[in-house]
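Visitor: The primary structure of each chain is shown beneath.
Protein chains: 2
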Amino acid sequence: MVSEPDKQFFDLSPQPRQNVTLRDVADAAGVTLGTASKAINGRGRLSPETRERVRSEARRLGFRFFSLQEDVPASQGVMVGVLTTDNYGRFSLPLLMGIEDAFGTRPVSAMLCNSRDQSREQQHLQHLLARKVDGIVVSARREDSRPPINIGRTVIPVVYAFTYVEDPNALCVLPDDAQGARLATEHLVSLGRRQFAHITGPSYFEAVRLREGAMRQVLAEHDIALPHNRVLSGPWQESWGYTATNFLFDQDPSIDALFCGSDQLARGAMEALQARGLRVPTDVSVVGFDNWEPMACATRPPLTTVDMNLAQVGRYVGESLLALFAGEQRSGIVRLPCSLILRGSSDPSQSG
Amino acid sequence: MVSEPDKQFFDLSPQPRQNVTLRDVADAAGVTLGTASKAINGRGRLSPETRERVRSEARRLGFRFFSLQEDVPASQGVMVGVLTTDNYGRFSLPLLMGIEDAFGTRPVSAMLCNSRDQSREQQHLQHLLARKVDGIVVSARREDSRPPINIGRTVIPVVYAFTYVEDPNALCVLPDDAQGARLATEHLVSLGRRQFAHITGPSYFEAVRLREGAMRQVLAEHDIALPHNRVLSGPWQESWGYTATNFLFDQDPSIDALFCGSDQLARGAMEALQARGLRVPTDVSVVGFDNWEPMACATRPPLTTVDMNLAQVGRYVGESLLALFAGEQRSGIVRLPCSLILRGSSDPSQSG
Chain A
1 MVSEPDKQFF DLSPQPRQNV TLRDVADAAG VTLGTASKAI NGRGRLSPET
51 RERVRSEARR LGFRFFSLQE DVPASQGVMV GVLTTDNYGR FSLPLLMGIE
101 DAFGTRPVSA MLCNSRDQSR EQQHLQHLLA RKVDGIVVSA RREDSRPPIN
151 IGRTVIPVVY AFTYVEDPNA LCVLPDDAQG ARLATEHLVS LGRRQFAHIT
201 GPSYFEAVRL REGAMRQVLA EHDIALPHNR VLSGPWQESW GYTATNFLFD
251 QDPSIDALFC GSDQLARGAM EALQARGLRV PTDVSVVGFD NWEPMACATR
301 PPLTTVDMNL AQVGRYVGES LLALFAGEQR SGIVRLPCSL ILRGSSDPSQ
351 SG
Chain B
1 MVSEPDKQFF DLSPQPRQNV TLRDVADAAG VTLGTASKAI NGRGRLSPET
51 RERVRSEARR LGFRFFSLQE DVPASQGVMV GVLTTDNYGR FSLPLLMGIE
101 DAFGTRPVSA MLCNSRDQSR EQQHLQHLLA RKVDGIVVSA RREDSRPPIN
151 IGRTVIPVVY AFTYVEDPNA LCVLPDDAQG ARLATEHLVS LGRRQFAHIT
201 GPSYFEAVRL REGAMRQVLA EHDIALPHNR VLSGPWQESW GYTATNFLFD
251 QDPSIDALFC GSDQLARGAM EALQARGLRV PTDVSVVGFD NWEPMACATR
301 PPLTTVDMNL AQVGRYVGES LLALFAGEQR SGIVRLPCSL ILRGSSDPSQ
351 SG
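So the sequences go chain by chain: A and B.
Going by UniProt numbering, the residue at position 311 of the first sequence is 311; the numbering climbs one at a time, nothing skipped.
Going by UniProt numbering, the residue at position 246 of the second sequence is 246; the numbering climbs one at a time, nothing skipped.
Worth flagging that the hints you see were computed from the coordinates, not collected in a lab.
Among the hints, erroneous ones may be present.
As the list claims (entries may be wrong) - With a straight-line Cα cutoff of 25 angstroms, these simulated SDA-like cross-link-like pairs (lysine to any residue) come out: (1) B:K132 to A:R131; (2) A:K132 to A:R120; (3) A:K132 to B:N246; (4) A:K132 to B:F103; (5) A:K132 to B:P73; (6) A:K132 to B:R106; (7) A:K132 to B:I156.
Owing to the predicted nature of the structure, the values given are computational and were not obtained by experimental measurement.
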């Protein structure tokens, strides 16, 4: 279940009523058009004073933000452009669904563009703006932070999903990797496991660092050691899970809890364990990350794993767009809770 | 490699030069506006005579079709809306890429909308038309044929991908499932295999029927029997591949060639074979379908499989849109060739 995220990120401002232009707002606040745009949209680097002055002038003049009721004929709908670098679509399709779900019965189309490289991303962005898209979502495959998109002086809401930008005025929505890893580790500890190992992806992924850090923290709270040679980082490939497991158990066959940074890694790990004659979960408990069903439901036994609730992230992105349309100010990095999906690979008391 | 498809599908007409309206064309041909639209766009049921009369009047009057050079400012680009029911994105993302690749350096954005149900599909379509999209691609997860989309009297090109409609004027582009299955079967025959079995998906998928039919045909050409109890059809799940393999080998352990309708099925089959102590490919050659790399590259040994060249299908769809923009008439069902990807699971002479 997704709980309400921390409210400290939000700055709620009243919805304005009249028609004035951004130029009027800029003139009244004594700033350039570009600065006024940044202040209204909460993008770019700006002092809090300047931002507040512009926004207070906007409120005083009744600068009209986007209104679903007034600005969007039902036949046209709200068009949300989603830019992504996710070539597999595994993150993007639930995102599209979640965004649309947030709009309920209001007409909306979330449309996905494949940002294969920076120049193509910029081209898609230009086309979306030329077609008067109402909002933009920038998504990625979680390769850490990325540069903010450049939409010039255009005044439209932008939300980042599954990635974050180094801009305090941007709103970035991600799954809470640390909390997900805590759920997995606490579950393994509660089963009585004490000999932990972690097989994960490349450490230049923020998610990899957050998950390992949270796992270490939970184990420290329970006075359980996690020696450095019990954490192996490599490519996001099933074959890495297989190889890493053999390396770990060649060195130390006492390991009884294996937390893997993806379901693919966990699948390779389970195959290696079974080839060594070790039983899952009787001898070793295994937990994955992703709840990617073609993997997690196909292992024998099926895989206990962390679900990032991707559609819930999408829904939150959609709700944020609605709030931004209404003139609210939202910024900061919002991390939404993951869930633990219990299946057969972790609890030895449940195995036949 | 994708070869040039059959030219019989295409009706090339010269590119017109002047501005006239569709109403002028309809009046000149003595038909309603709706009929003129159908004739110009090659959609809907129409006699060849009527269609040719309208199109010949259109050519005579110089009815202007869509021109990339004249109609699309570079900053706006060509917008192609792609409607899909593929929830995983595995088919859709290569399709987007292929469409954009076909446009080369010309500015284009292929944008994916998730058609979760008929009413949402109709809503997306309405939004795309209201935003003056330049072309529409309708895609699916290969669940056989589907009804044509309803775009009223709007005059824009529509191409169907990975699905087909019962409309002789529509252009439908699919992978050639039968040819792919022939490649797989001929490969297995060439390895000296004679005891064949087939594990596949639900038979209400056209692809399932085409693949089985082609496999039977190749085997018949080589006087190899395929008894009916050697073809098992079930859900597209890895666990079905596992169960079906055990059923087949319990009945008849002489089987030496297993052609599976998907890589997931093949993966389950390989696990069952290995659990029975049978060696792949020494005892049994296994070939899959899809070349879905997270599956096909993770089996031990890696899986020989049929690649549907999804991006090539996308590229052909994009090239067709360009041709339709230019006033060409294209219709019919085009099936593009698959490739066989050789890996370790099929050829016993290559195994260590």
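Visitor: Now tell me if each hint is right for this structure.
Guide: Results of checking the hints against the structure:
1. B:K132 to A:R131: holds, 9 angstroms
2. A:K132 to A:R120: Roughly 18 angstroms separates the two Cα atoms, so the pair holds.
3. A:K132 to B:N246: violated, 57 angstroms
4. A:K132 to B:F103: Satisfied, since the Cα-Cα distance of roughly 22 angstroms is no more than 25 angstroms.
5. A:K132 to B:P73: Holds: K132 (chain A) and P73 (chain B) sit about 14 angstroms apart, inside 25 angstroms.
6. A:K132 to B:R106: Roughly 20 angstroms separates the two Cα atoms, so the pair holds.
7. A:K132 to B:I156: Answer holds: K132 (chain A) to I156 (chain B) is near 20 angstroms, not above 25 angstroms.
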